[in-house]
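Undergrad: Listed here are the chains, written in short residue letters.
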Amino acid sequence: MSENKIHTENMFLYYSEKMALNNISITIPEKKVTAFIGPSGCGKSTFLRSLNRMNDLIDGVKIEGKVMIDGVNIYDKNIDVVNLRKKVGMVFQKSNPFAKSIYENIAYGPKINGVNDKSHLDEIVETALKNAAIWEEVKDRLGDSALGLSGGQQQRLCIARTLAVNPEIVLMDEPASALDPLSTAKIEELIVQLKEKYTIVIVTHNMQQAARISDNTAFFYLGELIEHDKTKKIFTNPDKKQTEDYITGRFG
Amino acid sequence: MTKKEKKGKKKKLSGLEKWQSERIDITQKKFRIGDYLAEKVIKGVAYLSIAIVFLIFVFVFRESFPIFNTTKPTTESKAIVKQDSQETYGAVTDNASTTQTQETYGAVSDSTEKTNVQETYGAVTDQSATIEQNALVGDSAKAINSSSDTYTVSAGSGSDDNRSALKSMATKEWVPVSANPRYGLLALILGTIKITFISLLFAAPLSILAALYVSVFANKRMKEIIKPTIELLAGFPSVVIGFFALMVLATFLQSVFHYETRLNSFVGGIAMGIAAIPIIFTITEDALTAVPKSFYEASLALGASKWQTAFFVILPAATPGIFAAILLGIGRVFGETMIALMATGNAAQMDLNPFASVRTLAATIGAEMAEVVFGDTHYNVLFLIGSLLFIFTFVINAVAEFYVKGKLMKRIQGK
Amino acid sequence: MINNFRKNFKGAAIEGVTLFSALLIIAIVFVMFIVIFIGGKSQLSWEFLTSFPTEGMTKGGIFPAIYGTALLVIIMSIAAVPFGTITAIYLTEYAKENSIIAKTIRFAVRTLAVIPSIIYGLFGLGFFIKFVGTHVDNALYGGTLHWGQPNLLWASLTMALLTLPVVIVSVEEALKTVPQELRAASLALGATKWQTIYKVVLPGSVSGIMTGTILAVSRGAGEVAPILFTGAAYYLATLPGLGDQFMVLGYHIYVLTTQSANVDQTLPIQFGTTCVLLMLTFVLNMSAVILRYRIRKKKNN
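Residue numbers (our numbering), protein chains in the order written: chain A, 1 to 252; chain Z, 1001 to 1415; chain H, 2001 to 2301.
No lab work stands behind these hints, which were simulated from the structure alone. A portion of the hints provided could be inaccurate.
Quick list of in silico lysine-lysine cross-link-like pairs, DSS-like style, CA-CA up to 30 Å [what the hints assert, rightly or not]:
id, chain 1, residue 1, chain 2, residue 2
1, H, 2199, Z, 1040
2, H, 2193, A, 18
3, Z, 1220, Z, 1306
4, A, 195, A, 130
5, Z, 1029, H, 2193
6, H, 2297, H, 2176
7, A, 111, Z, 1030
8, Z, 1407, H, 2103
9, A, 62, H, 2176
10, A, 195, A, 100
Please model the entire structure based on the sequences and the hints provided.
TA: Okay, here's the thing in structure tokens:
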């Protein structure tokens, strides 16, 4: 197990001229769940999205410093962004299944990666759905439209879709924020299971959630990384006053 | 999951293992030919629309260009001119004497005297042509009589004629087909302006008021009736509007206003106004809706009534947009061809009377281009008119786009 | 009190004037529609639609004109729809919203939309026929006249340019209704940009492309000025091919009303033809309106 799957050093991010991330240096270990917490607008989502270069889609974003994954700076000139995103998958805040069948949603990733053999695809779809703990619910209606699923099911489908591409890292941007408590519980359970195989980074502004599922927690505030430590420590005995204020609900 | 199951699964998956266990290499940018080509092709095609505008200008202007060749004729230059015209205008292969060659393009043509000397384009010029109530070719009779003259002139279409043609443009007389052709554009320009003015006088207030009704006063249901209906009007082909004007509107208006000539600039103007209504309405409506709701609410909160708000707050805020709407309406009417051909009477005369027949620039092109000799001065002049129309609409659009938009933004955002 | 009454009265009067304007426009639309429909109704028969004109165009049907119109819009669509769709894709997917090039292209598209149709006719004549056609003839046929003259192909291509902005605007609107999250999802799965466009964005905007096509067809079927001298013909005894001139509904109306020997005699045919053309464009426009309404509804959900 590598202790620094993801590692950033003096990273700055600007939207046009405005600084959104200020000197972030963090090391994220492999096969653990790391949670980013902080008030909205603190830069945690922005930081998450820069780990698989989804920020490239936004005009005027400029990044300085190092963002290393497996020892490779992903903002190097020669980096293949498409492959990077295969390696670093992402689950979004709002579930966003394609307007295709459940099966086609899962098979989408493998297909664009050149897996065309039907039996292989069947296998991948089944495994991914099982890994995302949704197989039992949908196995009889794989041909139905994914848009017919409930919100929680859609989100797990999106997780399954991400897993089907075989990522090493899964980034989750508030994956349960739009869901009811029952679905949230299912997703949380799933996340804990997934860390066996994947490195998981999750953004949440639900502190209990971070406390429940993460091994490490990083607290962001106004574009800065205030504190990063074992979850237990952050929630019981943080080093910084700001962290404590936030945890105890004095702001944010 | 039992152990056995697990084992079986593993075995079954073995075909996949290669793909699944593959470490993804991100350090080398992969060259993806499909994406590369797609992007290049898409970019290229998109750029073409710029090229098309450019090409339209170049090719319309190019065909009018020979008219500007006014250098003193020497035998040499004349020869060159001749050669040019042969090359570019391909069809006629021999020397001037063979211009009598019959060029028939597809259409059925009885070999009457006329077709010998004219290039027929589509329209059958059979015997009926002589008795036709041909309002379009203003001087059709003259054309037939002097056709051989025309040819001589056109064959030698040299700089002398060009000079006189250019000179004659600033006059009133539009007599392109005669022994002494005159290309006075003034009557045509006046006619176009007159008809544009009439149609705007009709269409602009109507459309703007209707837009005001839809965006301020109308309830949702009225909106859902009015907007699609007017959008539907935008889908009326202008030839249908022209037909309606020619057959119904002209008779109706004549019985109301008791004027003399049945087809005149008034009828044409109204008909073109009908064609311009959807444009003016839609853009005005957009501009009115773009006025922020806060303006409206603030005004009402200050005790102003709905109509006061509409007239003193919303309408002024949207003025640049309405200006743009009117400009584009002008552009539409200025270049409208079919309605002008069918409903205006097509007589090129200098007359400010709204009930007199007129002929517009666009209609002149539409009516005469099919009958003209390729490469002839007349032909060049028609293309020159086209260039003028093009430049005019281009400028109108540019003004509407840049000047007005900038102003509108400034007003609404208060920058 | 009196003041108030006055104010209310003025308000009502002003609202009334605006309402009257709106109603007048609607009345104009309905009157045109009804007059043409009533005038042409008696002509509408299967025979009228499927037979050739007879007796010097004073009797018979308009089949060749319908056939020519159909061919014209089909060839036009084949050229304009892919072209327009690709341009729309560039504008929404590739170009940066505020880049100079995107702005220039948008300006060009709007310019194309306002250039008078007669100018397209001139361009078709000057470019397709005199330039392209003549060069093709010189290169392939040793200078004999094949393509350097008005025909269906050149007329269709001219019409394609005219309808290009219609397609671009409709498709662009539809592409914008595809949620940004779906693009992000696809990219996050390691799809390339083109894969994302081809597999996610385009399937999501099929109805928009359809709308654009229908609107373009409707426009192309009704326009006459661009084909006046790029291919339309008064009468043809045979059905046209690509290299022939052709009959077309709009031009048919125009020549019958203004250039035939006996206008009164052909009056029923004129009304019939106009009615057919109006019905055709009406049905096309209605379906486009309905499709577009659905797209907008989807967007708002």
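Undergrad: Against the structure shown, which of the earlier numbered hints fail to hold, in ascending order?
TA: none
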